[in-house]
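> Sequence:
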Amino acid sequence: MCRVCLEDKPIKPLPCCKKAVCEECLKVYLSAQVQLGQVEIKCPITECFEFLEETTVVYNLTHEDSIKYKYFLELGRIDSSTKPCPQCKHFTTFKKKGHIPTPSRSESKYKIQCPTCQFVWCFKCHSPWHEGVNCKEYKKGDKLLRHWASEIEHGQRNAQKCPKCKIHIQRTEGCDHMTCSQCNTNFCYRCGERYRQLRFFGDHTSNLSIFGCKYRYLPERPHLRRLVRGNKCAGQNYKDLISGRTGNQTQHLAPQPVLLSDTFICISYLLPL
1 MCRVCLEDKP IKPLPCCKKA VCEECLKVYL SAQVQLGQVE IKCPITECFE FLEETTVVYN
61 LTHEDSIKYK YFLELGRIDS STKPCPQCKH FTTFKKKGHI PTPSRSESKY KIQCPTCQFV
121 WCFKCHSPWH EGVNCKEYKK GDKLLRHWAS EIEHGQRNAQ KCPKCKIHIQ RTEGCDHMTC
181 SQCNTNFCYR CGERYRQLRF FGDHTSNLSI FGCKYRYLPE RPHLRRLVRG NKCAGQNYKD
241 LISGRTGNQT QHLAPQPVLL SDTFICISYL LPL
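Using UniProt numbering, read the sequence shown as starting at 1 and increasing by one per residue.
Hints are not guaranteed to be accurate.
Pairwise CB distance ranges (calculated) [what the hints assert, rightly or not]:
no.: 1; residue 1: C165; residue 2: T92; range: 18 to 24 Å
no.: 2; residue 1: N207; residue 2: S66; range: 40 to 46 Å
no.: 3; residue 1: K109; residue 2: L144; range: 45 to 51 Å
Calculated from the structure, these hints are not laboratory results. Beta carbons: idealized from backbone N, C-alpha and C, even for Gly.
Let the sequences and hints guide you as you build the complete structure.
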């Protein structure tokens, strides 16, 4: 019997404490720990205080989670002479006579081409490679780009940054709903936030939804907007959970408590960031 789900399933004793845990429970537990960025993962058995071996963790992870776990492992082991590629996270070690080159020399020596994705980047400032421009000038130019993007011309921003891949996108026509051509992220051109939707909470186009665009409702009064939307969220969520609303029909159910996770969303929205 599995010590976690208490069901009769095929099990394998854990190497550290020899307790029985089914494969499904172990994989769910390990995936959750990796999503939290944990490298040293404790045994899921509460009375065991040992850490699981790296081989055990990797064997029971999906391919995607395994890549993340190995990346976190490398991050914990590197020093200033090793950095991940800004695009694919492949690690590159830059050493010359045991030291990183001094800034007084030509900065072209910092040019790195990733062997995995072929992305060319600068090891010194960890940015895309800037031919003919030193790191200081490049950073200054990046600030100028952000300033230009935030300026309002013809009733809209010059450009908006994708919330995922961070590239700047300029809108020439159409609505506020943008789709990044590089990573396919859907976001709002006016506020720069991702488009999100959750049952009972509405979406980005809803005036009173906690996911709604800040420019759609009381843009000049953010504290009042958060208060109104938060109250609407808590009240509507409780009403829908009690009534069991689906679509345009209402099916009356026995009273149920409001889910803690849903209440937390509403409360965290009300609190200032």
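> Run every hint past the structure and note whether it holds.
Outcome of the hint check:
1. C165 <-> T92: 18 to 24 Å: Since C165 and T92 have Cβ atoms about 21 Å apart, the given range 18 to 24 Å holds.
2. N207 <-> S66: 40 to 46 Å: Since the Cβ atoms of N207 and S66 sit about 43 Å apart, the hinted range of 40 to 46 Å holds.
3. K109 <-> L144: 45 to 51 Å: Violated - the Cβ-Cβ distance for K109 and L144, about 26 Å, lies outside 45 to 51 Å.
Checked against the numbered hints above, the structure breaks only hint 3 and satisfies the rest.
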